[in-house]
Amino acid sequence: MRVAVADYGAGNLRSLCAALVRAGAEPFVTTDPVEAREAPLAVVAGVGHVASAAAGLARTGVDEALRERAAAGRPVLGICVGMQLLFEQSDEGGAGLGLLRGRVRRLEATRVPHMGWNTLAVRPGSRILAGLEGADVYFAHSYAVRPDDPGVTVAEVDHDGPVVAAVESGALAGVQFHPERSGPTGAQVLANAVRWSRSA
Amino acid sequence: MVKKRVIPCLDVAGGRVVKGVRFENLRDMGDPVELATRYSELGADELVFLDITATLESRGPLLELVDRAAAELTIPFTVGGGVRTVDDGLGLLRAGADKVAVNRAALDEPGLLTRLAEAFGSQAVVCAVDARGGEVVTHAGRRPRGIDAVAWAQEAVEQGAGELLVTSIDADGTRDGYDLELTGAIADAVGVPVIASGGAGCARHLAEAFAVGAEAALLASIVHEDPERLPVLKRELKEDGWPIRT
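Protein chains in written order, with my numbering: chain X, 1 to 200; chain A, 201 to 446.
So that you can see chain X by itself, here it is in the shape it has in the complex:
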């Protein structure tokens, strides 16, 4: 299955694409709004800041393409900053795509960034994280989403308090951790995401 990986000019998408190939997908990196809108699954990934990522997507018009996808019910998966981009205002300054209601807040913990492997508490019914209750995945972030609707949260981890690790809402899904850097568990997440996108 073809997967459009949105390129907003920051970071390197090689590890993610390689992981998607291992999950049985055919990823391609694109800045083309038409491809980003029409592919069976679109993935927004990346590191850094919500504001610069949003600006990067706006430069190519991929931001609008993703909004159109979401409006049409076509699946979008956000990874790390890509998940934060699905939401509205960020404490870092700037705004995401606003596809889900809620803010991006700086973590309040003894150690920030939240760095390393942490254990998923998965809510029943999650499609992306099916079978991964109690599994460890790799996090590297200083900000996290606070959804207005707690019902979209499908997994949390504990880092001096609960941190939203994954959200699902209709054709939108996001993971705060890095599946491409989370060993066999991460591979399972991407395989689940590909399967989910076929039926989302």
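Rather than coming from a laboratory, the hints here were simulated on the basis of the structure.
The C-beta atom is built at its ideal place from N, Cα and C for all residues, glycine as well.
Treat the hints with care, as some may be off.
[What the hints assert, rightly or not] If you anchor each label on the Cβ, the simulated ranges turn out as follows:
1) Pro184(X) x Ala340(A): 35 to 45 Å
2) Asn225(A) x Thr31(X): 47 to 57 Å
3) Arg435(A) x Arg127(X): 29 to 39 Å
[Stated by the list, open to error] Some chain A residues well away from chain X (every beta-carbon gap over 10 Å; in silico):
4) Arg259
5) Pro261
6) Glu318
7) Glu428
Given chain X, put chain A in place with the hints provided.
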């Protein structure tokens, strides 16, 4: 809660893993990605590639190595050694390193940590702090800098470092344990994760570093001579009650 990390560090030169004594008589130990994959299979939580030659001619093979590691590894990796400029750091991150470790250039190039953090986020920027007797040293420990290690650690975090790799030059290679005074003082002074480095000989040493506040511990010679020691160490730590990924 976030797990304590155990991180093997591989020395590379010219795109190969090497082993030598004081940077001389370097012996080829194999392909970095193959060895890294082996450590990953044995339970490494993360990896560090340290370019010990860090010359201009070693840059090509290093970038090629980063590119391959990015595609083939399924755990995070940091690349360090010889990062002199913002462009050096950005080049490694753009090539696919999850994090870049900056050592003396962080001291010599004001703004370098900040620029890297602005481009890739603090979580991608590791400041390597080498110390002897509480003082920052550079050039593999040969040059004292007249700066207090704890004060420099705090300054580096303010500038944008999201993690500190704290190496005691005194303890390095001794296998007598990490420098707990140094590691603990820095871990107490900053709010970012601290990786203890230099002196690991057994599981108890890692536990001691965790106890004084380190989030992670770097391993070199003790796992290179026997990679099977890695899962044994992790099991011992877990049995000792530490949160360890198995």
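Verification of the supplied hints:
no., hint, result
1, Pro184(X) x Ala340(A): 35 to 45 Å, "holds, 38 Å"
2, Asn225(A) x Thr31(X): 47 to 57 Å, "holds, 49 Å"
3, Arg435(A) x Arg127(X): 29 to 39 Å, "holds, 34 Å"
4, Arg259, "holds, 17 Å"
5, Pro261, "holds, 17 Å"
6, Glu318, "violated, 8 Å"
7, Glu428, "holds, 19 Å"
Checked against the numbered hints listed earlier, the structure breaks hint 6 alone; every other hint is satisfied.
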